[in-house]
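K.L.:
Respectively, the protein sequence lines represent chains B and P. If you count the first sequence from 1, position 241 lands on 241 in the working numbering, and the numbers rise without skipping. If you count the second sequence from 1, position 444 lands on 1444 in the working numbering, and the numbers rise without skipping.
To be clear, the hints were calculated from the coordinates, so they are not data collected in a lab. Each hint should be verified, as a subset may be incorrect.
Quick list of in silico lysine to any residue cross-link-like pairs, SDA-like style, CA-CA up to 25 Å [claimed, not checked]:
{"#": "1", "chain 1": "B", "residue 1": "K211", "chain 2": "P", "residue 2": "I1486"}
{"#": "2", "chain 1": "P", "residue 1": "K1521", "chain 2": "P", "residue 2": "F1311"}
{"#": "3", "chain 1": "P", "residue 1": "K1504", "chain 2": "B", "residue 2": "W8"}
{"#": "4", "chain 1": "B", "residue 1": "K215", "chain 2": "P", "residue 2": "K1504"}
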Amino acid sequence: MKENISLWQFFVLTITFELGSAVVVGIGNDAKQDAWIAILLAALPGFLLIWMYSYLLSLLPGKNLFEIMEVAFGRKFAMGLTIAYSVYFFYLACYVLRDFVEMIGSAVLFNTPSGVVAVTLMLVIAYILYLGFEVVGRVAEIFSPYMFFFIFLLSIFVWISGNFEIKNLQPVLSEGFQPIMNAIFPQLLGFPIGEIPIIFTVLMAHTSNFKYSRKVGMYAFGTGTVILVWAAILQIAVLGVDIKLRSDFPLLSVARMVSFANFFERIDATIVFIMMFGIILKISVFSFIGLKGLEYVFRMPYRPFVFPMSMLIALFSLINSESFAEHIEKGFKILPPYFHMPFQIYIPLLIFFIVIWKKKRHRFRKGGNR
Amino acid sequence: MNFFKKWSSSEQTKFHQSQTTSEELVPEGEKKTGLKNHLEQNRSLLQQVFGDTSDFHIEKVYTGNREGLVCYLESMVKHSLISEQIMKPLSQSSFKQKPINKVKDLDDFRKSFFGGINFHFANYKHEAVWHILSGCAVIFIEGITKALAIEINGTESRAITEPTTQTIVRGPKDAFVEDINTNISLVRRRLKNPRLRFETYHIGKDTLTSVNIGFIEGTVNEEIIAEVRKRISRIDINAIFDSGNLEELITDKTFTPFPTIYSTERPDTVTSNLIEGKVAIFVGGSPFILLVPTVFTDFFEVSEDYYVHFFLASFLRIIRYMAFLIALLLPSFYVAIMTFHHELIPTRLFFSLAAQREGVPFPTVVEVLLMEITFEFLREAGARMPRAVGQTISIVGALVIGQAAVEAGIVSNAMIIIVAITGICNYVSPVYNFGSSSRLLRFLFIFFSALLGFYGIILIVMLLVAHLVSLRSFGIPYLAPVAPFIIEDQDDVFVRFPIWGARKRPSYLNTGSPIKSYDAKSPSPPPKRRTDS
């Protein structure tokens, strides 16, 4: 049985995914106060990639990235590549999980061992994945409104508290476009922008109505980017560039500034729990895609892999980096050029051109026979 | 007494006549036996079956020119009815009756003396036995291999009273009773629709409980009705005593705290749900009628919502959702805040709470569990106690969950408030067995909030939501108009639109006719056009 999600679920899942961890950790830091411009500009290649990948999927309807690789390279080579992709996606799940574990440890549960947090979270995710992708879609549908609502609420609260200093955004483009370009390539393009097109290569094959999924995906990506831009503006305007750069989780620092009516104070813990939905969904989606890869490799339904893989994710998220500083360093210096770029852009582009070439040749040959 | 195989009539759909006998009534491992020519042979056949039970009655009578036997179970018929409806016509018949010589004459005989009474003919032993068991008087006549069964249902049943578990302020006040025929008539009286259909099944090898499914042909989703038929005829059990038994046997998933079948004792609820396109299942001997398919939001709707102003109804619905969340989460929130997240509440509030707890010797979670479990004890005692000692429970209960417990230094004041609010909120759900889900899950939440604080609560919330969205009720997603989100069904979920505004049936039911009324309009006149010129 093929499990599908509706277009609306696809829409909210994409937004929640894009916000996931990107809204809490500071992104585009290289661009300083112009981070929001950097995010905005980085979205343009994102749209292009979405268009290309969805075109690739529409050439071979009903197939996801891994099955398309088989068309492009043949099963043997595709299998190796799929394993690499699966590992990549599981690694991303680990990475996001570590982000979250650190966030919990620094904001709410100070004494709880991070292993407990990682394992319990992965158990819940394993259950969700075991129930199927349909469930992931519906869970997104239920929780995403709260996420959006709380970001909105946070903005209002910050504004009421009188911490919103639009002057912090100035001077705009003080050093020209160079810092922005540095922020975009390859950092922002790899995370969070490039993650969207690459997950689409699998998710779009699971939407109930493929015809409109490109349009919906573009809208979702656009909406998510706008919210990210707004989050960046919020962080810079409230905290100022310096604090934003130094803060591990700028959005939590923003939430900490909220204080009014003698009642709304210290809402950062609340923000953590709301953002938790997004992170759970993000890890679920990454793990799901990784599991889909395993499904392709082993030619059996992914359910038996769910529990062992999620425990491995929990384990590797902890042993991957010694400290949070190392973790961030990996995320911003090593992952984007050496992992994000090849997996998110180079290889899919290669597949894209090979498939188009094969299709053309095929059509040519067909025409010759006629 | 293991006489009959499961007896169902799933293949009969059109104008189903209740109490139709079937081939499947033959006892297991036996061939069906035809009725005999001679009275004495028939008598011994029956006596073989019934043994010497004291309430089995065989009476010898004369009809016209022949001898006859009247057999019935005294416990199933009213004695005055026997003498009035059977014996009197029979004694008259001995004077006026044309001779009964052939099988065909038996029908003439019935027409002239038992007109207007429900009847059946029995050709086989098992049919005769079945009719006797279901409260008929069966008449055998010498030389005829067919028996005439006259229905005399004279058993006592409870009168229709006000509902005891689902009371409302405004609206009809009658409730279902144990007698299945009364229940069906309560629905039929409200729904004068020729397309309302009932199908009878008999379930339970020992009890042969009658189970009726009711639906409106053309409105109901054919797939759902087929699924209901399939699940009911698949049941293989020896006894059914209440619709609760049946619920467990036909539900989609057993390992869930949430009921996926709605049970009600209100005829108006059943009727309105039939109109929405659902299927009602009546179980003989149970005043609770099952409604399928059921979605999560159904448990927050009361029939009274449609009898009061829609502003109030919408407000009450939102209140019910809030109450459900409070009943589920409040104690665990308290534990999480007092144990882990002091900063989440205003400082002064926390100080006052902490000051109250100063004299309490237990950790918060122990305090909460202590009080919650005490409350559960009280509730269980309150539900089971004999009426006469009711006073005792309420007085003692007020002491245990009250000032005395605080003064004794066992719990804090805030704890009493928490337990009381939780207990009240638990009863807001209009369906009793739905409240039990939050009652059970609350302890899970308390446990995890004590371990991991709010993080643990959110984890369980995620788990619960994932579980809920994976549930189905007769193929319909359990959280239907919410996840998957269906915009056009939102007119009757969290808020109720005015009755003329909700014109469609729920689209997730995939009903045969999606629109209830085409041109329902607001009663207020349309805005006047200015005609001053």
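K.L.:
Does K1521(P) pair with F1311(P) here, judged by a C-alpha cut-off of 25 Å?
P.N.:
Cα-Cα ~18 Å, so holds.
K.L.:
Quick one, are K1504(P) and W8(B) close enough, alpha carbons at most 25 Å?
P.N.:
Cα-Cα ~22 Å, so holds.
K.L.:
Taking 25 Å as the top limit, are the C-alpha atoms of K215(B) and K1504(P) close enough?
P.N.:
violated, 30 Å
K.L.:
Between K211(B) and I1486(P), is the straight-line Cα distance small enough, at 25 Å or below?
P.N.:
holds, 20 Å
Hint compliance for this structure: hint 4 alone is broken.
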